[in-house]
Amino acid sequence: MERSQELPATSDSTISVGESVMSSRTKRLYDWFDKRINISPLIAEAQRSINFALPSTHTRQNRSKIFWFGYPFYYAGSILAFLAILQGITGLLLAFHYVPSAVGDPGTPTQAYTSVQNIMRSVPLGALIRGIHQWGANLLVAALVIHAFWAFFRSPYRVGREISWVLGALSLGLALAYSFSGYLLPWDQLGYWAATISVQIMRSIPVLGDLIAQILLGGTTLSPVTLVRMYFYHVSLLPVVAIVLVGAHIGLVMLQGVSEPEEVWKPEKTGQASGQKQAGPLFGPFLPQQITPVLILSLITLGIVILLGAYAVQMPGDPANRFLTPQFIAPEWYFLWAYGLLKWVGWVYEVVRFVPPATVFGIDLLSAKVIGILVAAGMFLVLVLMPVIDRGDEVRVLRRPLKTAIGVWAIGLLSTLTLYALNEILSSYLSIPIDTMNPLLGSIVIVVPLAVAVPFYVILRRHAAKASAKASAKGA
Amino acid sequence: MTEKAADVPKKIRHRMNRRQFVQTIVSLGIAGTVVSFLSLLMSLLPSAGAGEEEGQVDNVFKYGPDKGTWYSDKSGTDVKLEDFDQVGKGAGVLWRGRYPAIVIRVDESKLQGATATNGLIALAASCTHLCCIATWHLDRPNEDVLFCRCHDGAFDPYNIVKDVMLNGAEYTGAKVIAGPPPRAAPIIPIEITDGKVAGVASDLGLYDFCG
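Chains as they are written, first to last, in our numbering: chain F, 1 to 476; chain B, 1 to 211.
No lab work stands behind these hints, which were simulated from the structure alone.
Mixed in with the good hints, there may be bad ones.
Some but not every residue of chain B turned toward chain F, in silico, with C-beta under 7 Å [as the list claims (entries may be wrong)]: (1) 42; (2) 46; (3) 119; (4) 182.
Here the structure is a predicted model, which is why all the values come from computation and not from measurement.
For glycine and all other residues, C-beta sits at the position ideal for the given N, C-alpha and C.
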């Protein structure tokens with residue numbers, strides 16, 4: 001990539017495997033290993049890479065502009081990485097005490113359930129560890145959402161980061177698989193019924209649904225077999241996948257550098273900026289300059305997670321009972337939009353008096369759940385395939401009216417669907433009858449995202465037209 | 001090890017040399033081994049016989065585990081005809097230890113599409129949408145519907161219609177009047193013996209859509 005050439009080569013030549021810093025005893029130990037397994041080249045390479053300034057940084061050009069506004073977004077990714085490590089550590093500790101067995105009568109505590117209770121009550125610091133794991137998962141998804149939307153708007157795949165993008169989009173699916181499998185483990189009512197709904201949705205995938213459910217879950221309903229499989233995925237299979245996927249994703253950042261603000265990508269500006277400004281103090285070599293803000297933010301995140309984990313940990317609810325659906329049932333907050341989508345499609349059918357035919361081509365093609373699956377799968381596919389769908393080289397958010405407006409619309413839609421998912425709770429909380437609440441929320445789902453996105457589009461389009469007119473005037 | 005073209009007699013016109021032959025064989029062998037190992041994934045399918053009913057199964061309905069209802073303290077006991085002393089009274093029950101159902105005393109003059117047995121009808125309570133358990137008068141006390149908490153589906157027990165299960169079986173059940181359920185809630189034929197309410201086990205496949 002051309003931009004990496006403009007950087008001063010950082011201390012490649014000055015690396016000598018630490019003779020000056022090692023005491024003679026350490027040196028002897030080092031030599032002992034080095035003679036046998038020849039680690040010098042490896043160590044030298046490691047030193048070289050951590051002293052290597054990432055190819056480029058956004059602050060070099062716009063430090064003052066982007067500092068306060070941009071940083072939380074730029075660093076969502078590193079917070080994600082930190083939280084993932086935290087989840088690994090706390091998960092490892094929880095695995096010592098958890099028993100993945102759901103054998104027992106419906107409604108009675110199973111071993112899985114009692115072992116979670118045991119972690120909460122008698123294991124020293126168990127409640128704190130579980131609290132951190134629980135809140136860490138929530139914050140991880142929150143950071144992931146921010147990271148994903150930030151990346152979406154900035155279109156990094158247009159400037160040679162397609163592989164990073166696809167790996168990241170797949171990691172999104174990975175995080176959801178993690179949360180799905182983890183939510184079920186306590187085998188309480190909430191986890192059980194949230195999983196039941198997800199499983200039944202999975203089953204209605206046209207043609208392959210039942211087979212997928214049987215292979216992934218060991219049956220078409222939840223059973224002790226399912227719990228063992230979920231546990232296996234959660235602690236064994238997914239971590240391997242995560243290390244590969246996320247490792248490659250982060251490795252690419254090391255290779256390609258932190259994604260830059262759009263201005264740097266305009267050829268005329270790149271030429272002008274090269275070699276004139278030095279990297280700012282925050283963006284020297286990876287160690288220690290680049291890692292410093294990451295560490296600071298990680299410590300702040302750690303503090304927040306520990307506080308939440310210590311004071312707001314959720315006890316498991318009633319033991320799972322397959323014959324009793326709890327009164328208020330909702331998935332975790334980041335799945336609420338999907339839950340809302342199912343309800344909303346049902347409401348739309350009711351309003352337009354549409355009765356979906358029982359089967360089309362032998363499947364419930366038009367039922368709300370299949371529509372829901374198709375919409376969700378379609379959205380995920382579009383996300384993964386963005387590099388193929390969205391070509392060109394303009395990456396500036398304000399110069400891409402349509403894409404930015406679509407992104408804003410998507411945010412609006414996800415939030416209003418989330419609101420719709422809470423219709424029952426909102427109606428009892430605001431004491432508005434459900435028959436008034438549903439049309440109200442139902443129309444909000446249609447109106448609000450459009451009401452936000454359309455003006456966005458109009459204004460940005462005018463802005464973009466003006467800017468390009470100015471540019472062409474300058475060029476002439 | 002290097003091969004010279006001159007060493008190979010010209011009349012033997014091999015299409016591949018020995019090295020290529022070994023490479024091909026080894027690659028095919030590895031590929032074959034990998035593919036045959038994939039068949040071990042069969043072990044992930046549910047084992048035959050798991051989840052099948054054993055021995056004699058009682059067809060009598062048992063009261064379900066719903067809390068805060070008139071039948072809460074009878075949970076697990078046989079459902080009796082005498083308990084349903086007024087129209088509109090209904091209970092969440094369990095049938096054959098695995099099928100949740102709702103037994104309701106209906107106003108027979110309003111019932112369409114089916115006949116009640118001693119004033120009672122029974123409907124499978126696993127919602128045809130996503131298998132949550134529908135309730136009677138618990139979430140919607142003033143509406144005579146089977147209501148599903150999960151996605152606000154509702155079935156009308158007074159309007160029994162014909163429908164087709166996903167496996168193609170035709171059946172009759174309570175019509176969907178609200179929400180996303182794709183098909184009617186199947187009716188369970190009732191027989192009454194010694195005052196106990198029991199379901200007639202004819203085609204269990206109809207109630208297995210959630211299992």
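Hint check:
| no. | hint | result |
| --- | --- | --- |
| 1 | 42 | violated, 9 Å |
| 2 | 46 | holds, 5 Å |
| 3 | 119 | violated, 25 Å |
| 4 | 182 | holds, 4 Å |
Checked against the numbered hints above, the structure breaks hints 1 and 3 and satisfies the rest.
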